[in-house]
Amino acid sequence: SSYVDNEKWEELISSYIPNLRIFDIQYENCFNSIQSSWNNFLFNQSVPNVQINKFTSSFWIEQGWFFAQQHNQSNFTDRTIFYSTDPYRRNTYTLCGQSEEKTCLNIRDNNLKSVRHVHIQNKKAMINYNYYFPNVVALTIDGDFTKSCDSFSTILRNIIPLKQLTKLIIECSPFSFREIIELLCFMPNIHTLIFLSMPKFKGKYHIIKQSEKFRLFSNINTITDMTIIGSLKFEENHLLINSCQHLQHLVINTTIDDLELDIRLLSSKYHCHTLHYCSLCILKATTYWAMKVQSLIQSDKLFNNYILKLVGSNLYLWW
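In my numbering, the protein residues as written are 109 to 427.
Treat the hints as calculated values from the structure; they're not laboratory data.
From a predicted model like this one, the values you see are computed outputs, not experimental measurements.
All clues given are correct.
Derived pair list, reagent style DSSO-like, types lysine-lysine, alpha-carbon separation capped at 27 Å:
1. LYS221 / LYS232
2. LYS417 / LYS400
3. LYS341 / LYS409
4. LYS275 / LYS232
Construct all of the structure, not just a fragment, from the sequences and the given hints.
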């Protein structure tokens with residue numbers, strides 16, 4: 109790709125922008141792992157060793173511009189990321205695999221004070237990483253992690269300050285709901301929780317609810333915004349919502365069968381003063397859903413003052 113063609117970059121900079129002080133690049137390339145081993149050969153050999161290695165020439169060194177490359181192989185995707193490291197100016201840093209220091213200069217990769225969001229794509233990348241992100245406030249977990257939430261949180265503490273985090277995104281969850289709760293107990297200042305992939309609910313709900321970790325999480329968490337993209341049963345929604353006493357804004361992907369139960373749950377918490385001013389967004393809704401919610405609220409007088417609006421396929425309820 110011309111994006112990682114060092115000669116073109118050198119010619120462009122030398123000819124047209126010779127006074128350039130900052131060169132900041134991030135290039136990501138993905139391959140389907142199901143393709144032939146020939147593609148894997150090209151991925152592992154051609155990209156890093158032929159093109160990327162040329163970014164270590166005197167032109168780049170004299171400018172003080174350094175680069176690194178990360179690789180990650182999963183069951184379905186092979187990914188390589190090439191990025192500038194000195195100084196590292198991006199707000200987001202992705203840990204996706206082992207850095208290739210043999211092919212790219214990576215000597216100043218510990219200048220990470222500007223990073224606010226860390227995206228971890230596998231546990232191996234996290235274990236192998238030797239630097240610390242002192243100012244991170246957001247974390248995304250995505251990829252294959254071994255079990256044992258305790259060891260996960262222990263390793264995580266060596267990379268980022270967990271108590272400083274205010275946002276957690278679960279993109280691909282290998283953990284159970286119980287393990288997610290245990291992890292969140294180390295992050296008491298999270299106010300935004302996003303589930304793009306749902307944890308597995310193992311065991312009976314009343315046993316989870318009575319557990320010491322769940323009670324601790326319910327007492328200490330300050331979550332105000334929660335998004336649940338994956339479809340959950342009403343009991344699972346109930347468990348999550350009841351655990352967040354400060355919840356103000358909720359996005360859910362429910363079913364038509366659970367729709368009425370979800371609305372009644374939020375109404376009961378509102379009237380018991382366990383929720384503050386609140387908004388609800390129901391994903392993948394239809395006009396019929398909007399009519400059903402409208403009829404339910406009016407017939408049972410669930411909310412005194414409210415606004416109900418269907419925007420595209422999202423149904424919004426404010427009260």
